[in-house]
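S.K.: Can you join these two chains into the complex? Each is in its own frame, and there are hints to help.
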Amino acid sequence: MFDFQFLSYNAQSVLLSTFLLGIAAGIIGCFAYWKRQSLMSDALSHAALPGVVLGFAVLGEKNLFVMILGAAITALLGAWMIHLIRTSSRVKEDAAMGIVLSVYFGLGMMLLTFVNKMPNGNQSGLDSFIFGQAASMVNKDVWTMIGVATVVLIMMIIMFKEWKLFLFDPSFAKGLGLSLTKMNVIYMALLVLVIVVGIQAVGVILMAALLIIPSVSARYWTDSFKTMVILSALFGGGSGLVGTLISTLGSGWPTGPFIVITASLLFVLSLAVGRKKGLITLYLQHRSKQIFNGLKQMEEGQ
Amino acid sequence: MCSALTVQVQDLSAAYRKSKVLENINFEIKPGTMTSIVGPNGAGKSTLLKVMLELHPSIIGEVLFFGEKYQKAKSKIGYVPQRGSVDWDFPTNAIDVVMMGLYGQIGWFRWPNKIHKERAMGALSEMGMENYADRQISQLSGGQQQRVFLARALVQDAELYMLDEPLAGVDATTERAIMDVLKCLKERGKTVMVVHHDLQTVEDYFDQVLMLNKSVIAHGPTEEVFTNDNIMKTYGGKLRWMGGKLNV
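These protein sequence lines are chains D and B, in that order.
Just so we're aligned, residue 1 is where the first sequence starts under the working numbering, counting upward by one.
Just so we're aligned, residue 1 is where the second sequence starts under the working numbering, counting upward by one.
Looking at chain B on its own, in the form it has when it is part of the complex (with noise of 0.2 Å):
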């Protein structure tokens, strides 16, 4: 049974300094979900994924995917990091970028030969990127260095695909590009977990939801879970909610 979970967090707790930003986190997420993490500003939510992927130490807890430490499955798991996470001004071009999800299957100290490269270009494609692969990634707009990155995640071929905060300040094009892929990617068993900061798509996006505030407020089915009483909790009274259906 264990294994049947993508993900399983257990009693996780994290800390920045001195100051706890996450606080006894439990969740189990099942294969072939797509999932948002969404939470107010600070509730920890680009932290819980650094932390499940041993990016950011966590104090107590244990994370497991496929039933596995991090360390064993991390093969089968994809990151993007958020767009801001690397200097966009080093020199090499999206081709280049994509390939660098390719290394770990090249082998270290090995070059990159023919058919990876190929592969690196399909990613690109199926971003819709495909007439940039020689372009500087510093003259790409913030989209399409977006979709770059999950081009890298792409040609990972991974089960798993964790993305932080992708849709922010992208535009539609990419959003929709991107939001596409995603479909695909869960149509075809993968999982997905996304943090997302726009609470207006999260059901027309995602089928799961986990909100989070420094603990867990509420996780499950979008269309069981995402209600106005749990965004109150998740948000408390920071939240000014425009849209119509959930007025609150």
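Bound conformation, chain D alone (with noise of 0.2 Å):
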């Protein structure tokens, strides 16, 4: 395949960490489209910084579980506050969202000044969590992501049909014996977990667009599910890959930025020549059928 010789050791994992945590962010991201939830995991992302910096501060080291844990219960309890907020009061969805989103993200930020004036705080590495910096990751980072990366994969395989009429019809889902508590749950814990191990990679701020720009670029390509989930996934992966090496070829380049402007030019793409609804290709379908009609009309006339 392809040969990553000129790059060092950890240029390599580095490579195969983004590349993998594009394919679980594709996936989900496909999950998180059709739950009409693009916009939550915006939320989530933003709501996991405070608590990976409090995992921090509580520590005063840094530790991956530690850390993904505390991003995980902020981000939670920033789902279930957009919950509460949409169901108890007049205030909508969106609004809920944008109001948990920017409290969660400058609680974060806060924090973030306080802990950088800690002993040691300076050294760690915090602030790469908001734009992501995936040079900074190491061994073990990788193995991570190996793992949330395969515990994706294998939950989207063997529940295929289930996340499929899940996402479809979730009350015919529930007249079957589908639980929608559990796959809400399953759901939430996967896009969560991805989250996580990812703001470290892409950061914070940009983690949301690895979920939503594959999954609405691979939309503009084909009219199956299947196919969709495996476009996002591979979109994804190809978007970490090339961010991953653009951003190797300066010295403390961010790689998030990179990664979504890649996943961007992938959108674009697909906006314009995407095989099914590609604006480019319904214009020239529309074209030619034009040209056909107009074709039989003369031939009618004669």
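Don't read these hints as lab results, they were simulated from the structure.
Please read all numbers here as calculations on a predicted model, not as lab measurements.
Even for Gly, the Cβ is constructed at its ideal location relative to N, Cα and C.
A few of these clues could be false.
Stated by the list, open to error - Partner residues aside, some chain D positions facing chain B, computed with beta carbon under 8 Å: (1) E93; (2) F105; (3) M159; (4) L165; (5) S171; (6) G175; (7) W221; (8) F225; (9) E300.
Unchecked claim - Computed list of lysine-lysine pairs in DSS-like fashion (alpha-carbon distance at most 30 Å, straight line): (10) K76/B x K174/D; (11) K72/B x K174/D; (12) K277/D x K289/D; (13) K18/B x K92/D; (14) K276/D x K117/B; (15) K117/D x K182/D; (16) K72/B x K20/B; (17) K174/D x K233/B; (18) K30/B x K183/B; (19) K76/B x K182/D; (20) K69/B x K114/B; (21) K30/B x K35/D; (22) K183/B x K35/D; (23) K69/B x K182/D.
M.R.: Rendered as structure tokens:
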């Protein structure tokens, strides 16, 4: 396949991690897309930030497990607050998400300033959680990423028809005996898992892009749910790979923005020439139909 | 005696937020009957089906299917929700949607096989839709989508079919196809409950009628119950009846 010999061992493992992260995010992003929760994934990534920082503050050192735990707790707290605001007030869901997203992010930034003043706080590299610094990932992080991607892949494959039914028609799914509560819990758990391991690589702000853009791009190419999930995974993985490669070209270049720019380019391409819904594709189909009809009329006229 | 009834609803009440939409509902459905549920908009027709199927919580009351709670009886119930309840832009085709009706029988975490596909195909042809099996669901007409939904319930091979407005906004071909299949189900001894909006066809299509407006206004054989008086009671002054026979 590709020859990455020119890269250091560390750079190779970073590449592998962002590739796997892209795949996992692409798959979960597809589920979020059809649950109409793309924005929810954005709110959750932001809500994870205070948890990450608190996780660090508690131990005073960077322990991935504790930080992930913290992130998961605040992210779920954020999700719960969105639900609470929506059901107990007149505030609509999008506004509720906006509130939670900014409040949690602000809280995270505030905590971050405190933690940076702590002894050995400034060495924590916590700043990289905002824009992502895949280069700061170590071997253990790569294994975490491999683990998460494997879990997401397995859950996607063995529960494929359940996901499809759950996303297309939840009330019918319930009638068949599929527990919606369980499905929601599994979905949430996978989403939060991908977010918290992902924010180290691409950052809080851009994590959502990795969840949203690949699935939206994939939609332009296919009318099959299976193909859409596979394409979304490939788009996500590809963006992770290419974005990281570009970021290794300069020293200290953040990974997140390059991954997102790559994903966005893929999106623009899909929007234009996607086989099923691409704008240019549709235009050409429309034109050729017109020409065909025109010719037919001419023929009939003769 | 209990188990001889397909459906028993006792003292059922339900609410949306704080306003009660169903109050003290009591009725029984006998096997092999075809019942239409009629009533004005907001009378709680769809809610009644959802509450019975535990898709919407009830405040109080009991629902029994074949003498058992819903959870035990659900494999014998085929539900056809309103067409607007799902996003038809979802990337899948007609045969796939029909196959979803078999997921319970296939078993969770297993993949469907050829036999399942053939059964789904059979249900599609029963609805006159065999030529549309591979068609994207977004490219089907409203009536065709409705027929796909009914086919999905047919493959479940249920004893009781509950349909929510299956004839709303469909073309004449679809209406005929759906009614033919429902009659066929009845002849095979199945029980059918349909939320229905078109008062003009109630007498032609259904042998039983349940007239609903928050509570049951009248219930029984169509020829006895579907009277001008009861229609007036159900719809209040809101109805302007255009038919000849039922002029009020």
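S.K.: Now look at each hint and say whether the structure bears it out.
M.R.: We went through each hint and held it up to the structure:
Contact between E93/D and chain B, as hinted, is not supported at the beta carbon level, the nearest pair being about 16 Å apart and thus beyond 8 Å. The beta carbon of F105/D is not positioned within 8 Å of any beta carbon in chain B (closest approach about 31 Å), and the interface hint is therefore violated. For the restraint placing M159/D at the interface with chain B, the shortest Cβ-Cβ distance is roughly 6 Å, inside the 8 Å limit, so the hint holds. Hint on L165/D holds. Least Cβ distance to chain B is approximately 5 Å, under the 8 Å limit.
At a threshold of 8 Å, the smallest CB-CB gap from S171/D to chain B is about 5 Å, leaving the interface hint in force. About 5 Å separates the beta-carbon of G175/D from the nearest beta-carbon of chain B, less than 8 Å, and the hint is met. Of the supplied interface hints, the one on W221/D is violated, with its beta-carbon coming no nearer than about 10 Å to a beta-carbon of chain B, more than 8 Å. With a cut of 8 Å, the hint placing F225/D at the interface with chain B holds, because the nearest CB-to-CB distance is about 5 Å.
The interface hint given for E300/D is broken, as the beta carbon of that residue sits about 27 Å from the closest beta carbon of chain B, more than 8 Å. Proximity of K76/B to K174/D is assessed by CA-CA distance (about 14 Å); at most 30 Å being required, the pair is judged to hold. Among the hinted pairs, K72/B with K174/D is consistent with the structure: their alpha-carbon atoms are about 13 Å apart, no more than 30 Å. For the given pair, K277/D sits about 16 Å from K289/D by alpha-carbon distance, which is consistent with the 30 Å threshold.
Between K18/B and K92/D the alpha-carbon distance is near 19 Å, which keeps this suggested pair within the 30 Å criterion. Among the hinted pairs, K276/D with K117/B is consistent with the structure: their alpha-carbon atoms are about 25 Å apart, no more than 30 Å. Taking the CA atoms of K117/D and K182/D, the gap is near 42 Å; set against the 30 Å cutoff, the hint is violated. Pair hint K72/B plus K20/B holds up; C-alpha atoms about 28 Å apart against a cutoff of 30 Å.
Note on K174/D and K233/B: the hinted pairing is violated, with a Cα-Cα distance of about 35 Å set against a maximum of 30 Å. A distance of roughly 16 Å separates the Cα atoms of K30/B and K183/B; the hinted pair therefore holds under the 30 Å criterion. The straight-line distance between the Cα atoms of K76/B and K182/D is roughly 23 Å, inside the 30 Å bound, and the hint therefore holds. At roughly 33 Å between alpha-carbon atoms, K69/B and K114/B are farther apart than 30 Å, so this suggested pair is violated.
Under the criterion of a C-alpha separation no larger than 30 Å, the hint pairing K30/B with K35/D is inconsistent with the structure, at around 39 Å. This hinted pair does not check out: K183/B and K35/D have alpha carbons roughly 37 Å apart, beyond 30 Å. Using a Cα cut-off of 30 Å, the hinted pair K69/B and K182/D holds, with the two alpha carbons roughly 21 Å apart.
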